[in-house]
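J.: Here is what each chain is made of, one letter per residue.
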Amino acid sequence: MNVTDYPLLRDWLRVGDGGLILRTGKVDLGQRISTALVRIATEELSVPPDRIAIAPVRTGDSPDEGITSGSNSIEQSGLAQRLACATARIAALALAADRLGTTPDALDLDDGRVTHRGTNRSLDMVDLVAALPEDLPVDRDAPARVLPEPLPEFEPRGLRAMVEGRYTYVHDLDRPGMLHARVLRPPMMDARLADLPQDIVAGLESAGLHLIRDGSFVAVAGPQEWPVVRAAERLSNGCRWDIGDGLETGDIFQILAAREAQRFPVIDGTPKKAPLPDPLASADFDARFERPYTMHGALAPSAALAEWRDGRLEILTHSQGLYFLRGSIADSLDMAEADIVLEHVPGSGCYGHNGADDVAFEAALIARAIPDTPILLKWSRADEHGREPLGTAMAVSVQAQVDGKGGLAALWMETRGDTHRGRPRKGANRAGPARLSANSLRDTDVPRFVPEPNMNNHAGLHRNFDPIYTVPDKRLVKALVADLPLRPSALRCLGAPANVLAIESMMDELAAQAGEDPIAYRRRHLDDPRAVAVLDALEVMLRDRPMPGEGGGRGIAYAQYKNAMTRVGLAVDLEIAETGEARLTDVILVADAGRIVDPDGLRAQLEGGVIQGASWALHERVLWGPEGRETLDWDSYPVLRFDNVPRIAVHLLDHPGAPSVGAGEASPGPTVAAIANAIHAATGLRLRRMPFDADAVVAAALQA
Amino acid sequence: MLTLRINGEDRRINSDPDTPLAYVLRDELGLKGTRIGCGLEQCGACAALVDGEAVLTCSTPAAVFEGREIVTVEGVSALPEGRRVQDAFVAQAAAQCGYCTAGLVVAVTALARAGAAPDREAIKQALAPHLCRCGSHPRVLAAAEEALS
Ligand code: FES
Ligand code: FES
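Those protein sequences? They're chains E and U, same order as listed.
Residue numbers for the first sequence follow the working numbering, so the first one is 904 and each next one is one higher.
Residue numbers for the second sequence follow the working numbering, so the first one is 88 and each next one is one higher.
Derived by calculation from the structure, the hints in this document are not laboratory data.
Some clues are possibly wrong.
Label pairs and their calculated CB-CB ranges [as the list claims (entries may be wrong)]:
id : chain 1 : residue 1 : chain 2 : residue 2 : range
1  : U       : 174       : E       : 1350      : 27 to 35 Å
2  : U       : 128       : E       : 1526      : 20 to 28 Å
3  : E       : 1353      : U       : 153       : 53 to 61 Å
4  : E       : 1526      : U       : 212       : 23 to 31 Å
5  : U       : 147       : E       : 1151      : 36 to 44 Å
6  : E       : 1212      : U       : 170       : 39 to 47 Å
7  : E       : 1005      : U       : 171       : 48 to 56 Å
8  : U       : 203       : E       : 1078      : 40 to 48 Å
Just so it is clear, the structure is predicted and the values come from calculations on it, not from any experiment.
Where a beta carbon is used, it is the ideal one built from N, C-alpha and C, also for glycine.
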């Protein structure tokens, strides 16, 4: 727990400017963690939200809470904040009782004031918190305040500024003397710069631009952004790269299947170093499900501001893991960590490890070459599409046997793909520097990065691989492959979408084989009453909705993220157009995220996940050739647009006595699966390779 | 030297007239509410009102906009329809990271100024040039329906 490392109240809560200052190591990525933390503070201390600020997340100052990912923000930072605020409330009420000459149970707490009941004597809660002893520890057993009724919804922090164009992203930073920078995009990660034409370089310099070069890492910097953009384009058109043999090409799923893999049995969601289970002797169901390389595809290309002054480096970044990034940069540049400060400034939503860390390091390289000058480096759209780490291609094989009643009797599955652990962080063989892409261009001795298998519960490839359903004989294998053609890392939900697609497609097919309703079939394989409650609620919501007509279909899916977090049951209604395109009409979603803290934020996260899942299901696929990636913009890498956005109805089941669990990654997996099931319902076609775009539907129809 | 009419004022522009409008707005005039997401007219982040219509500003040279009435997201707040659209976005919490939001506010404001009352399907088509990667679409559509009804 985070309060173990940061045990004092003042690690989490301080006072300044007449209000509370909340401290957190989790960064706001648009998942509204800051709104949720303010809400927790208001619930516990009754201080109104306009008197609560969130301290910037900054290395050396903020608690180190690792990486903001895995939907853990609320569970981790939220819990720490709740304990801290509850501790503060109890101590502040004791202090108030003392000052007012009474006992805590004679005090009322309202709107940030502590009043001696029946008198007009009151004290300000913020003043009381300010007077608490410096060394007061967080009480891990401090009880949460029981409110007579839930607080009204909070306006999300920053929302007004966003709609008025006043919200500041890294991209908008400006400092006196600042230079804009762009980098040259190598066709592939370890390409070598073969030729940089001298006439172009001379032209840049005479135009007052800086050229920065470290091995094959090349950047341009200058006072105005557009001339820098143009210069980088000219340079990039003029230079030549040596790409050796180029990237391996071919059908990625054949490549994946043929690769040597490290294989582990997965037992109760955890891979073990143990003998592998035998495949089934025969199977009533046998299929393979495939997901291509997928981008994070942030709307804003990655950016960072860096400044080098007196041997110290300051970096403003939208990285999700400031402390890890600091360690990796320090190791890359042979600096002391204490000489590097990283501060979080918002970027656009990132959905995992995108270009944020790479660009921060590249900004640092440029700043080091041009000292005492703030450098604002932005990647171009093609840089982001061409260089960001991707969600790995995956293949999930499934064989199942059913019992006399059509129920699941035995299951063998293998989930196969590259690593999701591409984030720069400390590890053997200088894993931090090895995972900053500029280091593969620079003249350094950083070794090549070799991923270690992730053996944690429901991590990496095997997230949501162990079916939540009761199966008497389960034989599960994780197969980690290395050195696939493209660079992999953590993408929202990790392996879950491919695994959930496989499991939920199978459940659908087995239900049909057994002649059962898909919800009823799932329910009889579930012994978790909260899972059953989700499916019951979904069934009730669907009862009044007519089934889609001719050319349409309804698909169902259920999953509990990591088999431990938010439970989601959903239905997708869609129609298949003449062209083969799936037109989404309605999504009906029921979720159980435990105790609900910020209901509207929770809904927004679930809806956003549905949209992203739908985009993966219907559109997203990275393509490449020997000379690098070919999907370098939004035309070649299409994503879901407004014209195909369904109506989404979200129903939340609240469990006030249960812990709050994150929901940011709960809905994409089941959305992908429900779309596949709905396409089957509409067409009779079983699509098993994402994306299920118009071409895939037409191709499947021709084969059928 | 180029003069552009932006948010009701004539502004003299020092940047090269070939510079795309979005870079002039952001870099020279400090109007950073106009976002750049692609520079390729593919994502909608850079939309501004030009003679009342939502226009992408990331590729077209600033000189092309001479003599036109440009309103950026910062200027939208001063328009009654713009205010209504912004309030609807807030009421519906129609943003997550917010990077797409300014462009969408501009696009919905253009619809509001056109005066028609488009149905949901027409709104979806009108917003199709705009990407959002956080999935704020359902809220944006709700905000647009609220503001345009
Ligand atoms: S930045 Fe102009 S459309 Fe993307
Ligand atoms: S809210 Fe993040 S891109 Fe739309």
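J.: All the hints need checking, so say for each whether the structure fits it.
T.: Okay, the hints, checked on the actual structure:
1. Roughly 56 Å separates the CB atoms of residue 174(U) and residue 1350(E), a value that falls outside the hinted 27 to 35 Å.
2. In this structure the hint that residue 128(U) and residue 1526(E) lie 20 to 28 Å apart at CB holds, the actual value being about 22 Å.
3. Residue 1353(E) and residue 153(U) have their C-beta atoms about 57 Å apart, which keeps the hinted 53 to 61 Å range intact.
4. The hinted range of 23 to 31 Å is satisfied by residue 1526(E) and residue 212(U), whose Cβ atoms lie roughly 28 Å apart.
5. Between residue 147(U) and residue 1151(E) the beta carbons are some 40 Å apart, a value that agrees with the proposed interval 36 to 44 Å.
6. For residue 1212(E) and residue 170(U), the hinted distance range of 39 to 47 Å is satisfied, since their beta carbons lie about 43 Å from each other.
7. Evaluation of the 48 to 56 Å hint for residue 1005(E) and residue 171(U) yields a pass: the beta carbon distance comes to about 51 Å.
8. Taking the beta carbon of each, residue 203(U) and residue 1078(E) are about 45 Å apart, inside 40 to 48 Å as hinted.
Violated hint for the displayed structure: number 1, the only one.
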